[in-house]
Amino acid sequence: MSYINILGLRGEGQRVVITSILLLLSLVCGAVHAQSTSEPVKNVPVKLYVTYQETDYSSPWKKKKANSRLGYGCVLPDRKILTTADIVKDATMIKVEKNTEKKYYRGRIEVIDYDVDLAIVTVDDDSFFNDLNPVELEERVRIDQPVKFLVLEESEKIRAIPGEIVKVSVEKYYLSPDSFLTYGAAVNFEDRGGGWSEPVFSGGKLIGLTMSYNSKKQYATIIPTSIIKHFLDAIRPEGYIGFPYHGFIGAAVRDPEFKRYLHLPPGVEGIYIQSVFPDGSADGTLKEGDLLLSIDGFEIDGDGYYEDPFWGKLDCRDIFSRFHYPGDTIEVEFFRNGAVDRKKMRLKRFSRSDYLIPPYSCGSVTEYLIVGGLIIQELTADYLKEWGEKWGTKANKKYLYFYNYHSRSPEPGRERIVILNKILPDQINLGYQRMDELVVAEVNGRPVSRLEDVVEALEQPENVHHRFKFEEFGRELILPADTLSEADRRIGEQYGIGEMRRIIK
Amino acid sequence: MKINRLVTVLLVALGAGMPAAGKAGNDTERIRSAIVKIRNVSQRANYEAPWEDRDFSGGRGSGVIISGNRILTSAHVVSDSKYLEIEKEKSGTPYRGVVSFIGHDCDLALIDVLDPTFFEETTSLPFSQEIPELGSLVLVYGFPSGGRRISVTRGIISRIDYTRYSHSGRDYHLILQIDAAINPGNSGGPVLQDEKIVGIAFQVVKKSENVGHVIPITVINHFLDDIEDGIYDGYPDLGIIPTRLLNPAYRDYVGLPKGKTGVVISDLIPGHSAIDVIHPGDLLLSIDGNPIRNDGTILIDDKSYQLEEVVERKQVGDEVVFRLIRDGEEITCRVPLKKNVELMKSWKEYEEKPEYYLFGGLLFQPLSLEYLKTWRGDWWNRADSRLLYYFNYYNRDKLCLARPEVILLTRILAAPVNQYYSGLSDLVVDTVNGEKIVSLASLISAFAAQTGDFHIIEFEGDLPPCVLNARRLKKENLRILERYGVSQDRYLAPREDKN
Chain P
1 MSYINILGLR
11 GEGQRVVITS
21 ILLLLSLVCG
31 AVHAQSTSEP
41 VKNVPVKLYV
51 TYQETDYSSP
61 WKKKKANSRL
71 GYGCVLPDRK
81 ILTTADIVKD
91 ATMIKVEKNT
101 EKKYYRGRIE
111 VIDYDVDLAI
121 VTVDDDSFFN
131 DLNPVELEER
141 VRIDQPVKFL
151 VLEESEKIRA
161 IPGEIVKVSV
171 EKYYLSPDSF
181 LTYGAAVNFE
191 DRGGGWSEPV
201 FSGGKLIGLT
211 MSYNSKKQYA
221 TIIPTSIIKH
231 FLDAIRPEGY
241 IGFPYHGFIG
251 AAVRDPEFKR
261 YLHLPPGVEG
271 IYIQSVFPDG
281 SADGTLKEGD
291 LLLSIDGFEI
301 DGDGYYEDPF
311 WGKLDCRDIF
321 SRFHYPGDTI
331 EVEFFRNGAV
341 DRKKMRLKRF
351 SRSDYLIPPY
361 SCGSVTEYLI
371 VGGLIIQELT
381 ADYLKEWGEK
391 WGTKANKKYL
401 YFYNYHSRSP
411 EPGRERIVIL
421 NKILPDQINL
431 GYQRMDELVV
441 AEVNGRPVSR
451 LEDVVEALEQ
461 PENVHHRFKF
471 EEFGRELILP
481 ADTLSEADRR
491 IGEQYGIGEM
501 RRIIK
Chain W
1001 MKINRLVTVL
1011 LVALGAGMPA
1021 AGKAGNDTER
1031 IRSAIVKIRN
1041 VSQRANYEAP
1051 WEDRDFSGGR
1061 GSGVIISGNR
1071 ILTSAHVVSD
1081 SKYLEIEKEK
1091 SGTPYRGVVS
1101 FIGHDCDLAL
1111 IDVLDPTFFE
1121 ETTSLPFSQE
1131 IPELGSLVLV
1141 YGFPSGGRRI
1151 SVTRGIISRI
1161 DYTRYSHSGR
1171 DYHLILQIDA
1181 AINPGNSGGP
1191 VLQDEKIVGI
1201 AFQVVKKSEN
1211 VGHVIPITVI
1221 NHFLDDIEDG
1231 IYDGYPDLGI
1241 IPTRLLNPAY
1251 RDYVGLPKGK
1261 TGVVISDLIP
1271 GHSAIDVIHP
1281 GDLLLSIDGN
1291 PIRNDGTILI
1301 DDKSYQLEEV
1311 VERKQVGDEV
1321 VFRLIRDGEE
1331 ITCRVPLKKN
1341 VELMKSWKEY
1351 EEKPEYYLFG
1361 GLLFQPLSLE
1371 YLKTWRGDWW
1381 NRADSRLLYY
1391 FNYYNRDKLC
1401 LARPEVILLT
1411 RILAAPVNQY
1421 YSGLSDLVVD
1431 TVNGEKIVSL
1441 ASLISAFAAQ
1451 TGDFHIIEFE
1461 GDLPPCVLNA
1471 RRLKKENLRI
1481 LERYGVSQDR
1491 YLAPREDKN
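Taken in sequence, the protein lines are chains P and W.
Heads up: the first sequence at position 333 corresponds to 333 in the numbering used here, and the numbers run straight through without jumps.
Count along the second sequence from 1, add 1000, and you get the number used in the numbering used here.
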């Protein structure tokens, strides 16, 4: 049962920057591997200097210290600069620089998709693009093909770091828990130049953007041009439509007993549908217990692979994300109740707002509510990461359980997990101040499924009290209704909190 | 994360080690003849391979002869005993000892020596019935490692407090804290004042200097009273989850009458004494006549204690009387104290054999602290988060209602019949052949009742079912047991308390 889409834990420490300079060595290697000249990519890449500031999710009214990062971008037609989402996320300012001019241009994000880790940045000053030729995109890359990772040195000289594609597979992306087509490349970034998101070229054409690098394994993952093209095509006049999401969890079926149990005729292969997400693409088409046999005309084997005409065996999730857009209708073939059946399936985007515990918060406002000193917010992966580097083991065990095993499963009565983060001590919450990390079950007798529910429930106190009920031991917390707003004002002043609530309706 | 753990270390000597602290004080020959050296060969249960024990290990501690030719020591000195030797300081001849009573929750045990000649030329020491004064002098007797002969150290009572008894980790009891140098091997040795026993040395606080813990006379008395009927029942628990009424709005909300104090009950723990008598929402005003203050404490002899202290001094079979307000009416409620029935073993277990069922190579075990500890090191972080949730929130989130016993498929001993599932481990079993699994016994009977072609095991969470050929499983079961050297396919502890 190997093909199980369980959310993995992912640390943040995947990118390692090594700044020691071993220029000579890399030039020698470059000479050995160089196959085509770097002429056609003369003005590639451009540099993006990004100042960013993240929310402090454990004190959500605050921002963390501002920081900066350097990334690379490629110029595309229509004054677009392509880069990765993680370079520009949480940006407060973007400076763009090209190697033909010692000048910074002001950049701004035009489109960003955190799931596929891609972004389009543009510069409003047209003169920036005057001497820059858009790069050409190449989707076809073979295993063992030599490629070049382009970086700009301090002197603005372009340097090509040689590498080789070693793997084409469907992998989890940098921010998203979802998986998309990915190239793996063997490359030694010993002299990386201090930036991220290096564009990768072969034969003078862009084949992808670097997503991550593991210095120990000397292995980089690359967002392939197929995903980039799909991303660009999803930018429509009506707005960005994104990638479709299959919306089910499948499991490999190899066991002959399991096949016999399903009454599967010999020769029929597919994956077992273990769970279907409500309101997702597969809802209404597939059911738990089905065996999915083919997608959009591609046959699926028992391990969940289909045969891509160019790359061979690939994870079948690739069919949805690479070949289709939200709104497309495709046909799926499945085995149910002893017979093979076909049905149309209308594809939908699965956004992080559909998660019980959203996998990332960047790009959205972190909502919170401070009432009577109680800091109430929705549980997110970013909140868990505030436990530090080892958050995957150190964070609250209940939160981790839901994150690891049920993070995608909102139910009708529970769209999010609303938590009491902690309590800012004040006379109004005397006696409660040690309560923290509890799940809010009810406020004033009304069940809580989203943070808005708390806001609404607070409008109707029970007589002269507000009653918060928590899941753990059914503990309750009572606040007086009449003196609450006065206390909130006092707490805001005392703790220097500008906004006592940030709620997006 | 936010819990500050007080790390305590038990004082059994394991092999050689610490320097001697033996400086004879004002002890007399008579006292010395009451102190014994205890050597225990023990064997711990193996929760990874529950059909076999772990390797033997040896430990050494001290004990004291009390009235009736009995030797009192710490439970951890003699737990999981396979062979016990008792030695007097002078004779040099070891005698065979037998544990007659052991209380792991209070870390006390009584030992019998079968050969009556052992007690020749010994004396028994009496108990002091007073808790010693803070700052008063005490002497610690024992056989700590570093030498063969008796050691006596002197110290003062530096604190009297509640702390977790780390041997079982099950609950908190009173302790005396002393500043005398006590070392591995001192465990079980008496602490004397005016030649009377005021306590038994048993643990030290890690990373702090000269902080030793002593089991006080109240806890010893509780143990000795408990075993008078020939059975050790342990401490009964009320199993109430009180919420303190420190906030005026809360007091107003629950309608606490002016001039009265108390706590409100949020929840009750199944299997403990108060579950059917006290209700959530009850407003407890007094316990056995002691007014309960808004912070959940009571005063006994002008000293402040948690209200559970009243229960701490009682035995199974006694009762506790509450005055409480329920639905606006003040009533009296009697809670008979019963032996706890706990199906999630959240404490360190001794003497007990681990429960398991091995069928077709699939190993099923109940979730317990001992099982989580097989992750070793900081298991409370490293163990699988699903298991940690079920363990930590078993009562808090009422997981106990759907699964009184949380039964796990812990691992699979690979065999052709289960080869497609050999990677499965540490999953919570939800159903077997459509039957909801609430205990190891229900799992066994769900397998046994199947007459169809397959055994279907479903797990908690988004996981595919495990489908096994029933006929082949039955056929291969014995062969799998043989191949892996498993003599018994199951162990279920007798369920004396379940009616």
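Just so you know, these hints were derived from the structure itself, not from any lab.
Keep in mind that the hints are not guaranteed to be accurate.
[What the hints assert, rightly or not] Computed footprint of chain W on chain P, listed as stretches where at least three residues anywhere in the stretch have a Cβ under 8 Å from a Cβ of chain W:
1. 93-101
2. 116-123
[Said to hold, decoys possible] Derived Cβ-Cβ restraints for the label pairs, each shown as a range:
3. W/E1052 - P/R346: 55 to 65 Å
4. W/N1210 - P/G194: 52 to 62 Å
5. W/E1209 - P/M93: 35 to 45 Å
6. P/Q427 - W/R1054: 32 to 42 Å
7. P/K390 - W/K1206: 38 to 48 Å
8. W/E1052 - P/V365: 49 to 59 Å
All C-beta atoms in this analysis are idealised placements derived from N, C-alpha and C, irrespective of residue type, glycine included.
**Message:** I'd like to know which numbered hints this structure contradicts. Please list them from smallest to largest.
**Reply:** Numbers 1, 2, 5, 6 and 7 - these are the hints that the structure violates, sorted from lowest upward.
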